[in-house]
Every structure is written in structure tokens, then in C-alpha cells.
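If you read the sequences in order, they're chains A and B. So for the first sequence, our numbering puts the first residue at 3; every next one is plus one. So for the second sequence, our numbering puts the first residue at 3; every next one is plus one.
Any given hint might turn out to be false.
It does not matter which identical chain is meant; a pair holds if it fits inside one copy or across any two.
What the hints assert, rightly or not - Calculated pairs, EDC-like style, for lysine to aspartate or glutamate (alpha carbon to alpha carbon, straight line, at most 16 angstroms):
#1 5 x 45
#2 179 x 37
#3 130 x 62
#4 244 x 207
#5 244 x 7
#6 9 x 273
#7 5 x 92
#8 9 x 126
#9 325 x 62
#10 5 x 313
#11 130 x 317
#12 244 x 105
#13 325 x 402
#14 325 x 399
Please keep in mind that the hints were generated in silico from the structure rather than gathered at the bench. Treat the numbers as computed from the prediction; the structure is a model and nothing was measured.
Protein chains: 2
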Amino acid sequence: MSKLDVKFAGLGAENAPGQEVRQNSEDLKSIMRGDVLPGTPVDFSHGDVDAFAPTPGARDAWQDGYDVGGAQAYTEYRGDADIRAQVAGDLAAFTCAPVDPVDELIITPGTQGALFLALGSVVDQGTKVAIMEPDYFANCKLVRFFGGEIVPIPLTYQGSAEENGPDLAALEAAFSKGVEVCVFSTPNNPTGLVFSQHAITRIAELAAAHNVTLIVDQLYSRLLYSGETYTHLRACAVRPDKLVTIMGPSKTESLSGFRLGVAFGSASLIERMEKLQAIVSLRAAGYSQAALRTWFREPDGWMAQRIAQHEAIRDDLLMIFRKAGFPTATTQAGSYVFPELPDLAVPPETFARLLRVQAGVTVTPGSEFAPHTANSIRLNFSQDHEAAVAAAHRIVEMVERYRA
Amino acid sequence: MSKLDVKFAGLGAENAPGQEVRQNSEDLKSIMRGDVLPGTPVDFSHGDVDAFAPTPGARDAWQDGYDVGGAQAYTEYRGDADIRAQVAGDLAAFTCAPVDPVDELIITPGTQGALFLALGSVVDQGTKVAIMEPDYFANCKLVRFFGGEIVPIPLTYQGSAEENGPDLAALEAAFSKGVEVCVFSTPNNPTGLVFSQHAITRIAELAAAHNVTLIVDQLYSRLLYSGETYTHLRACAVRPDKLVTIMGPSKTESLSGFRLGVAFGSASLIERMEKLQAIVSLRAAGYSQAALRTWFREPDGWMAQRIAQHEAIRDDLLMIFRKAGFPTATTQAGSYVFPELPDLAVPPETFARLLRVQAGVTVTPGSEFAPHTANSIRLNFSQDHEAAVAAAHRIVEMVERYRA
Chain A
3 MSKLDVKFAG LGAENAPGQE VRQNSEDLKS IMRGDVLPGT PVDFSHGDVD AFAPTPGARD
63 AWQDGYDVGG AQAYTEYRGD ADIRAQVAGD LAAFTCAPVD PVDELIITPG TQGALFLALG
123 SVVDQGTKVA IMEPDYFANC KLVRFFGGEI VPIPLTYQGS AEENGPDLAA LEAAFSKGVE
183 VCVFSTPNNP TGLVFSQHAI TRIAELAAAH NVTLIVDQLY SRLLYSGETY THLRACAVRP
243 DKLVTIMGPS KTESLSGFRL GVAFGSASLI ERMEKLQAIV SLRAAGYSQA ALRTWFREPD
303 GWMAQRIAQH EAIRDDLLMI FRKAGFPTAT TQAGSYVFPE LPDLAVPPET FARLLRVQAG
363 VTVTPGSEFA PHTANSIRLN FSQDHEAAVA AAHRIVEMVE RYRA
Chain B
3 MSKLDVKFAG LGAENAPGQE VRQNSEDLKS IMRGDVLPGT PVDFSHGDVD AFAPTPGARD
63 AWQDGYDVGG AQAYTEYRGD ADIRAQVAGD LAAFTCAPVD PVDELIITPG TQGALFLALG
123 SVVDQGTKVA IMEPDYFANC KLVRFFGGEI VPIPLTYQGS AEENGPDLAA LEAAFSKGVE
183 VCVFSTPNNP TGLVFSQHAI TRIAELAAAH NVTLIVDQLY SRLLYSGETY THLRACAVRP
243 DKLVTIMGPS KTESLSGFRL GVAFGSASLI ERMEKLQAIV SLRAAGYSQA ALRTWFREPD
303 GWMAQRIAQH EAIRDDLLMI FRKAGFPTAT TQAGSYVFPE LPDLAVPPET FARLLRVQAG
363 VTVTPGSEFA PHTANSIRLN FSQDHEAAVA AAHRIVEMVE RYRA
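Please model the complete structure; the sequences and the hints are all you need to start from.
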């Protein structure tokens, strides 16, 4: 294999959410146990924007953008100035710290685009990057693509509130040994863990002390369940000079089909991200950008209702999986659950494929998120409530069939 | 400067089209000659989608895509299968060679996205890449970003039909000396040169003989002027195993605000591009993809009229610049002219800024395209006809003011 073959083998996307359609299932027939389980198919690999529709007004906002014409089609690479001004104000209020719309914010093609640009701006051959395990699968792939070296930091998520969180001693040791960049999601993808105020404060202090660049993925921070509190790292008293926060309207607001995200923080990093954007795809689709005018401006009560609906689904799934004996952490924010399955007679990735073929249930294998979470599966429960509950029962039945 | 500082200095976007708004003009006041020249401002850095509106039906197609819902929001990373099938068929007919919609085509966020993914799939540290001079400015930036080494190939464009084209002897020498990738645009950006059948055939043969990957940017190939012929490299009898052709509806069809492009060719390269897309921005915006349903399906006569309108503007601009004594090649396809200005009393980039501030005319400095074309300026003449002609006259007047 050439160097490039190896590089792209590391980007394997076969088990990535949404790509299951490209899998061939012929080889599964000889190992199948039992018949097909009937029921509405559910694709837990991503949220269902038919069950939870896009923000009211987003469709009209796009049309208004189209009708503006050339000025909306050809924005600055970092996005339309007027939209940036609105969004920067709302993000400042939400995260409790100011955002300069001219120099400190860039509109990106989805939060995936924001992550790519942020890591591409600070990771080069040999750059050491601290990554939580488990965390969003693309983080590792991005670091490897840019030639960086991954320094894994254990994340506890199945313990008590005091036990849960990143291993701060390991983080300090890593920062002391030449780590230059740290990227993580809070709420954590795939576990739904919200980093505590203590952890966030300490990460900020350590990064400041060791001159580490922090990239904080807060994609799901608006979908916060009752009784939980959220700490914005960018509002900490002590924080590093180089900090980028990433958010977007693809999840809670169901605007994924517009491909929109934002990154905001240190002007020097935002400038680099824009330079990279200029050669990656120029800008987030101009007309799509106009849909950001609905962001943080949802109708009264809309967000509260959306959170309540997700919380109800979460509670049902937690009950089903825990009753079946699968250790499952309580999702504090976002729409992921990450149940740990017992040992099975087939490899976890094969089980995920069997789930799809026999039970009409698509999940993301835990091996995408950390080497030691291969027995877990990630479900995005932003789905039709009834269909999701029925599908969860089918997962339990399939586990019983294939139990080792 | 750190290694990353140097890397991003090489991505300078200050003079890139669309970024002029971020320039400060205070420093120009002391060197200005004469007053402001009145007239409708014209931004020649890109086409004016208000003067040449998007394809009829594109707005409705987007709405239909939105109304499809989740299936359109979350397509495969390479794009919606049904849309790929339609587009592959039309591209096969247009380029005179088959395209497999399952394995040989990817929908990308604009043709910029296609170029990024294609070069990212084949260029790594030390990869030698042949690039025409002049050619689209992002080609060099992309190669540098991925760590590749640029091998420049001279392109003649101001000679006779027989003289014009790439230096094929230089290309053969480069291919013999370890070049692994060659990327070029035809019609050429910025000159409007269409590579001859002889040149295309020879490039294909040389690449096949030396196992060179070819990336051919045919973005403007539909806007072909009367009397010109176009040769599709992918239809050549002898061609390399690794070939990607890039097109998109952003220019002739004015769909830039949707951010859509396509790359089609060798399945192994398309697969790599999709893996890269999965970490770059997941997919072209789902709802935007639906606008591709209008591509190659424009109303009868629409394309012929669009070409005729552009040809009329081209003819007027050529006359104005040639009458002023600026050597200017005849645009064979696409909407760029690339007049060579005489020596001026100010550096060319400064003159471009003065043009904007004093004459309301935005152009792209020739230094973006090749080191030796700094005295030229690129104009995208997909503009309101009358305004473009008036602006061209203002350029001539500004040249007279600042002549060395």
C-alpha cells in the first residue's frame, strides 16, 4: 500500500452514519438467527428531520435569501456580514461572553466543516492533539488526515456525577508533554455527558498555563434536559488565548439539510479558518446562510417543547435498555444514548449490520468512538417517539438472539 | 514564524475574489491620481447572478427537495442516488463517455469542493504536481496545503491557434521526472483558452504512459462560443487509469448560491474523495442538491441565448481593451478576459485596489494566476452588458492616469 492508501484506509467510512446503504448484506445470510422482526424501520444514525421538523420559518428564510440575489450568493468566505452580526449577538448572550462579528466568527458548511477548518488551522505533521475517548469519531480521523499525533484522554461516563468527566490528571500530563491542541465535545458525543463546571474550569486553566489551543464542540448545548446545568468554557475567568467554540443548527433545530455551522473565538484562528475555507469550498451555501436568521429566534415555547419531547423519548429508551441489563448513562444533553451491550456471538460491527437487515434498525457501532467501547452502540433518539420505543425493544430482542 | 504560520501565509486570500470588502483603503489616499470616476459599480471578480439569473426552475427544485424531507437532508456523502443517476446520464452524453452513477460520480460543495477533494485524494507530502501557468489560483494553494511540490508548465495563450496551449515537451519532461499528478482547467481560467484536440490527446497519452493522475477542471465547458470546438479528455481513445473530470452549475447556470459541483471518473478516486468529504463537510447541502435536477434540462433555447449574450459582451470588451493597446486573447469559452496592462506607476495589486476605490471596478490581479502575469487583470464578464462596457472604459481611463 502507498502512503496515501494507508492514509485513506484510516478514513474508513463504511460504518459511518448514513453510509450503510453502500453495504452488501449477502454474507450475513449464513449466520442469521431467526426471522425478520417486523416494525417501522428507524435510522438511529442521525436525527429524523421528518419526526422533528426544521425550525419554523427556515424554508421561508431560504427563499428570502434566494430573492436577495447576488449579494446572498456571493458572501465573504466567512459568511454574510449582516447574518454574522445577528448570530454573534445571539451567541454572545447564549455563551455569556462577547463575540466580535467582524473578526471572531465564521459561518461554515455544517459543524463538520467547522471542525475540519479548526483542526486544519492548528494541526500539521507531528502536532500532538489530546482527544477524549470516547468522543465524536471524526476528531481522530481529522487529526490523522492532517498528520497529527493523537494523545488519548480517558473519559468516564458511566459513574456518579463526581466520577464522570475527563481524566484531568492525564490531561495535565499530556499538556506538559507537548500537546498543542485539545478538541472535545460537550455535551459529549456519543454519551450525552455534559462536562461539569469543575472540569471545564480546570481544562481552561490547564490550556492557558500550557499554551494549548482548545476546540470545543458545543453542537448539542441547547438541548439541555431538566435539572442539568451547562458551563460555557469561553466564559471562564481564565481561558487560553487560542480558543474556538463550535455550534450549529443541524441537530436540535433540524437544519442539517442546509449544511450550516459556526465557529467563534480567537480572531487569529478564525482568519486561518477563512483562508482554508477559501480553498475547501469557498463558503457555506449562500442561500442556506439565510436560514441562520431563524436561529435563536424560534417561536416562544418552541424550544422548551422540543426539549420536553426529546426528554420523554430519552426516559423511555433508558428504561428499556436498563431493564434489559445494558449499562446506559443518562443523557444530560443532546439526543444520543450509548448503551453497552453484553458479549455477543458475532463481532459488534456484524451485529450492527444484522440489526439493520433483520430488525430495520440502524445504529452506529461503538468502535467508531473509542477502541474500548466496541460493545456499545450509539442511538440518535431524535426520532418518532413510538417508532423509537418499538425499535429499542427490537434491539433488546436481537441481543437476546445473538448473546454469546 | 511557525511552520503553520508559513503554511497559512501561502494561503493568502486578501486579493482573492470576493474578499476585497476586508481591505482597508486609507493608505491609498496619498497616491491617488484624479477624482472618482462615476458609473455603476461592477464586480468582475465573479459573475453577477442578478444580471444572469439562475436556471429557471432551480428555486422550485430546492423547495421540492426541502419538502422531500429527511431523505433529501441526509443523502449519502457522495450525494443523492437518484440525482446522481440523472446527472451521470447527462454528463455521459455531454462528455461522450459513460459515467457509472453508483461508483464514478460524487456531488460536491461547489467545484471548489471537487478540486479540494480530488487533490486531497492524490497529493501528500512531497507529491510532485504539474500545474499550468497561468491557471486557477487555488490549484497552487491546494497543492501547497497538502504538502505537494509544484512543477510549473508554461501555457501560451496570446499566440496563434497553433502556438497556444501547454508546453507539451515540458509536460513530457515533468512526467518523466516523477510528476504523479497533473491538474488543469479547460477552458483555462483566467485566459479563456480551450485546449486543442491535439493537446488534450497528447496529455491523455502522456499521462497513461507515465501513470500520472489527471484532474481536469471543465467548469466552463458549456459556455462555448461560436466557431469553437471542445475536446473532452475522458472521451480520448487512450487515457490514464486515474482521471477525474470536474464540472458544476455555478457559472454558466448561475447556481453558485447553491454550492454545487460534481466530480466524475475513476471509481477508486471517487471513493477516496467521498471518504475525505465525510470529514470535510459530510455532503453538499442536501436541499441544494435537488437543484441539480434542472442541470442539462434547461428550457429550449435558454443555453443558446445565454451563450449569445456572453459572446456579445466578450466582443465589446475585446474591442475596448485592444483599441487601448492591451494585448488580450480571445476568450474561446467561459466568461473571463485577461487583458495585459502596460507598466504602471503603482504595483499591480495597488492598481487593482485603486480601480475599486476610484472607479468602482473590482478585478482579480494577474499575480494570483502565475508569477509572470502580474501585469494582467482578470475580468469575469458575466455582468450586465451596459455596465460592463462602461466599467471597461473606466479601466482604460484609470490605466492612462497611472501609466508609468
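Checked hints:
Taking identical chains as interchangeable, the C-alpha atoms of residue 5 and residue 45 are never at most 16 angstroms apart, the minima being 35 angstroms within one chain and 43 angstroms between chains. Proximity of residue 179 to residue 37 under the C-alpha cut-off of 16 angstroms is found in neither arrangement, the shortest distances being 54 angstroms within a copy and 60 angstroms between copies. Neither within a single protomer nor between protomers do residue 130 and residue 62 lie at most 16 angstroms apart by alpha-carbon distance, with minima of 45 angstroms and 48 angstroms respectively. Taking CA atoms no more than 16 angstroms apart as the test, residue 244 paired with residue 207 passes inside one copy only; the shortest distance there is 12 angstroms, against 50 angstroms between copies.
When the C-alpha separation of residue 244 and residue 7 is checked against a cutoff of 16 angstroms, the pair qualifies only between copies, where the shortest distance is 14 angstroms, while the shortest distance within a copy is 33 angstroms. Taking identical chains as interchangeable, the C-alpha atoms of residue 9 and residue 273 lie at most 16 angstroms apart only when they sit on different chains, with a minimum of 13 angstroms there against 28 angstroms within one chain. Taking the closest pair of Cα atoms, residue 5 and residue 92 never come within 16 angstroms of each other, the shortest separation being 45 angstroms inside a single copy and 36 angstroms across copies. Taking CA atoms no more than 16 angstroms apart as the test, residue 9 paired with residue 126 passes in both settings, with 14 angstroms inside one copy and 9 angstroms between copies.
With identical chains, the CA atoms of residue 325 and residue 62 are never at most 16 angstroms apart, being 45 angstroms at best within one copy and 49 angstroms at best between copies. Taking CA atoms no more than 16 angstroms apart as the test, residue 5 paired with residue 313 passes in neither setting, with 46 angstroms inside one copy and 47 angstroms between copies. When the C-alpha separation of residue 130 and residue 317 is checked against a cutoff of 16 angstroms, the pair qualifies neither within a copy, at 39 angstroms, nor between copies, at 56 angstroms. Only within a single protomer do residue 244 and residue 105 lie at most 16 angstroms apart by alpha-carbon distance; the minimum there is 14 angstroms, versus 41 angstroms between protomers.
In this assembly of identical chains, the alpha carbons of residue 325 and residue 402 lie at most 16 angstroms apart only when taken from the same copy (13 angstroms versus 84 angstroms across copies). Taking the closest pair of Cα atoms, residue 325 and residue 399 come within 16 angstroms of each other only inside a single copy of the chain (12 angstroms); across copies the shortest separation is 82 angstroms, beyond that limit.
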